[in-house]
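My request is simple: use the sequences and hints to build the entire structure.
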Amino acid sequence: MAELVSCPSSGSVASLQLGDHLCLPVGSDAERLHSTAELAELGLRCGGKVLVVADTETPAAMAAYLSARAPGAGDALASGQLEVRAARAFLLAGGVFDPERTMAGYLAQVDLAQEQGYPGLWIAADMAWSLPGPPDPGALLDYEAAANPAFGGHRVAGVCIYDRTRFCPALIEGACGAHPLTPGQAPLRFAWTTDPLGLALSGEVDLTNHNALTALLTALHRTPGHVTIDATGLRFADLRAADLLWGTCLTRGPGSTTVAGSSVVNRLLALTGQGRPDA
Amino acid sequence: MPEPLARTAPAPALVVAFTARDITGVRRAVTRRAAGAGLQGDRLHDFVLAVNEIVTNAVVHGGGRGELRLWDNGQIVECEVRDGGPGGAAEVAGDPPLGAGGRGLRLARLLVDRLHVRESPGATAVRLVAALTGNA
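So the sequence lines, in the order shown, correspond to chains W and Z.
Residue numbering for the first sequence follows the working numbering, starting at 35 and increasing by one per position.
Residue numbering for the second sequence follows the working numbering, starting at 9 and increasing by one per position.
Since the hints were made in silico from the structure, they are not lab data.
Among the clues, some could well be false.
As the list claims (entries may be wrong) - Between beta-carbon pairs, the in silico distance windows are:
| no. | chain 1 | residue 1 | chain 2 | residue 2 | range |
| --- | --- | --- | --- | --- | --- |
| 1 | W | 259 | Z | 83 | 41 to 47 Å |
| 2 | Z | 82 | W | 187 | 33 to 39 Å |
| 3 | W | 48 | Z | 18 | 19 to 25 Å |
| 4 | Z | 48 | W | 176 | 51 to 57 Å |
| 5 | Z | 72 | W | 48 | 48 to 54 Å |
Unchecked claim - Where chain W lies over chain Z, by a calculated footprint (3+ residues, C-beta under 8 Å):
| no. | region |
| --- | --- |
| 6 | 27-37 |
| 7 | 63-75 |
| 8 | 111-118 |
To be verified - Some chain W residues well away from chain Z (every beta-carbon gap over 10 Å; in silico):
| no. | residue |
| --- | --- |
| 9 | 62 |
| 10 | 141 |
| 11 | 218 |
| 12 | 220 |
| 13 | 294 |
| 14 | 301 |
Glycine included, every Cβ here is placed at the ideal spot set by N, Cα and C.
Here you go:
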């Protein structure tokens, strides 16, 4: 008798850490609200500041829901440790989606949380704010991918919640691919490093998160000096991942990049005939 | 070199229909089944990587979906990946440039003991075989 497989979950709100950027497709308002409360509870439990970006509900309605469902949320709302903002006023200045301004708005909140002494900012975003959607849906996916480098300092964790009943399947699939973490898909975690200067990668890379890895490596293209890509934490990498690492080394120029691979990455590079891309 | 199982082989131990978002789950299921059959170490990783590349090809080049079946008989582990597109799982021929894709099939051939491509109108099936002897 054949085993019929349902894909296991490999990323969830409950497992979120600072530095994580999770895409969470949901099937209902109830599921979205539950995940939002879960994120708020986790962030507060970690001593962090929590920012909930509301759209389907008003901020007042969301705050009331969180007060009832997330332990400590009522006190946190009063103290400012938990904040609920109306997404469109916060992210769509002038009513227009400008990815750079949207990103700047978030980064200002990350800086503010740090100035206020919090160890990190935990964000739950109802992505319905992007509906009915920009003229070019690719702009939203590019924005999601381009956000990834901002998570590498481990000052922020974010969950972007997409309602399957409101977004088309192609956009959901694209959004998942732009995030390093999606339930049931290859989990990629990463951190910018200073000694040595570079990027540390861990987890898995496959078709489901190639675009997230691409965004991280593209950020390295502009980094001056010698950089090290510490890929020793990668348990699985596919051929495309090897190409992306190799391409980064080529773009940066000879001798300016070191790739420290795990045994599986080193074996992959050797098998593909590329040898050491940093050699 | 191990021979693929005959078409009269027993029912597969694993049957999975997949699309792009299932790739990770399919890989884990293949890993569990191949490891359970006795494939170990680098040979297990090589087999799983090869299957992953063929499944990826099926999604990217073969119509976005496919079906995977896996058998084992105590001597070999065999996996078949079928897609619904012309040349998807088998991928394009030739020697494409770096980053252009199209090298997955070539890599897969290096990773398993035997690889067989069968193309028919509108579909491609790739069979990958790893022997259970010679584990690292």
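Going down the list of hints, with the structure as the test:
1. 259(W) <-> 83(Z): 41 to 47 Å: violated (54 Å)
2. 82(Z) <-> 187(W): 33 to 39 Å: Given about 51 Å between the Cβ atoms, the range is violated.
3. 48(W) <-> 18(Z): 19 to 25 Å: Violated: the Cβ-Cβ distance is about 40 Å, outside 19 to 25 Å.
4. 48(Z) <-> 176(W): 51 to 57 Å: violated (42 Å)
5. 72(Z) <-> 48(W): 48 to 54 Å: violated (31 Å)
6. 27-37: holds (count 10)
7. 63-75: The restraint on the region 63-75 of chain Z holds, since 3 of its residues have a Cβ under 8 Å from chain W and three suffice.
8. 111-118: holds (count 4)
9. 62: It holds; residue 62(W) is separated from chain Z by about 19 Å at its closest Cβ, greater than 10 Å.
10. 141: holds (30 Å)
11. 218: At about 6 Å from chain Z, residue 218(W) fails to clear the 10 Å cut-off, so the statement is violated.
12. 220: violated (5 Å)
13. 294: With a cut-off of 10 Å, residue 294(W) remains clear of chain Z, as the shortest Cβ separation is near 19 Å.
14. 301: Label violated. Min Cβ-Cβ 7 Å, cutoff 10 Å.
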